[in-house]
Amino acid sequence: MFKKKLVSIIIPCYNEEKNINRTLDAVLELSRNNNFDFEFIAVNDGSKDNTWKVIKEYTDEHSNVIGINLMTNFGQSAAYQSGFDASKGDYVVTVSADLEIPPENVNKIIEYLEEGYDFVNTNRVGRWGSKKAERAQKSQKANKIIGRISGVSMQDRGSGMKGFTRVLVDNLRLYGEMHRFIPDYLTVYGAKMIEFDVEFKDRDFGESAYKGHKRTIKVLLDLLTLAFLLYFAKKPFSSMPGRLFSFTGAIITGFGGLIG
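For the sequence shown, the numbering used here begins at 105 and goes up steadily by one.
Just to be clear, a hint being listed does not mean it is correct.
Think about it this way: if two alpha-carbon atoms lie no more than 30 Å apart in a straight line, the pair counts; the simulated DSS-like pairs of lysine-lysine are [unchecked claim]:
no.	residue 1	residue 2
1	K248	K305
2	K305	K157
3	K212	K109
4	K109	K192
5	K108	K248
6	K192	K108
7	K108	K160
8	K122	K157
9	K107	K152
10	K160	K192
11	K107	K248
Derived from the structure by calculation, the hints contain no laboratory data.
Make the full structure from the sequences, and use the hints.
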């Protein structure tokens, strides 16, 4: 008897009581894709509002909705990792809790994974708007710097919608702010990657609680760790000091574009 592949949808949530119900309703519509089975994992990352209460209402009503309640705000990487650990899918797709990317794009991610790609990223077209030109330039500069370090060309590392094969999920361990550099860490495994454009939609309620300057140091440290893992390990030890100062300076110069 033919067994359908299982797709795990992971939704990290932090203070999203006004958005998570709409998001869960939207992703549950994906179950209409009869070619796959779905499970939906909502991870409450220590929210201070009623996010967990809303999630519990859905887990009580839907057998394929799973709730994970982290007792404190560990951060987005930890929320992703908790979802990865709980997931059972052949494919795993992350979705933002604010519907900034239409959920129907999940179907296109699945198509790419079926074609043989290991990792699928989305590029949020129009996310900066005309009033955010300076921020967009910083982000583009930061992406170029990270690309120089990892050799991976991606336009939108911060997108919340990404797709993974089971093998990658089982081997990827996220901590700190590593979720920002997922495509770059995946080069270690020789992952076949692709990125496609998606429409960006501003959230209807509130602002992203995952953004802010308080994570600046964590992001910088993880970026430096990335540089060591993907670059220095491949070079003779004698060449490391000079390269260290060179790359550290470049990282700090472009770092402003990564925040938020």
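Outcome of the hint check:
{"no.": "1", "hint": "K248 <-> K305", "verdict": "holds, 25 Å"}
{"no.": "2", "hint": "K305 <-> K157", "verdict": "holds, 26 Å"}
{"no.": "3", "hint": "K212 <-> K109", "verdict": "holds, 15 Å"}
{"no.": "4", "hint": "K109 <-> K192", "verdict": "holds, 10 Å"}
{"no.": "5", "hint": "K108 <-> K248", "verdict": "violated, 40 Å"}
{"no.": "6", "hint": "K192 <-> K108", "verdict": "holds, 13 Å"}
{"no.": "7", "hint": "K108 <-> K160", "verdict": "holds, 27 Å"}
{"no.": "8", "hint": "K122 <-> K157", "verdict": "holds, 12 Å"}
{"no.": "9", "hint": "K107 <-> K152", "verdict": "violated, 41 Å"}
{"no.": "10", "hint": "K160 <-> K192", "verdict": "holds, 20 Å"}
{"no.": "11", "hint": "K107 <-> K248", "verdict": "violated, 42 Å"}
In the structure shown, a violation is registered for the earlier hints numbered 5, 9 and 11, in ascending order.
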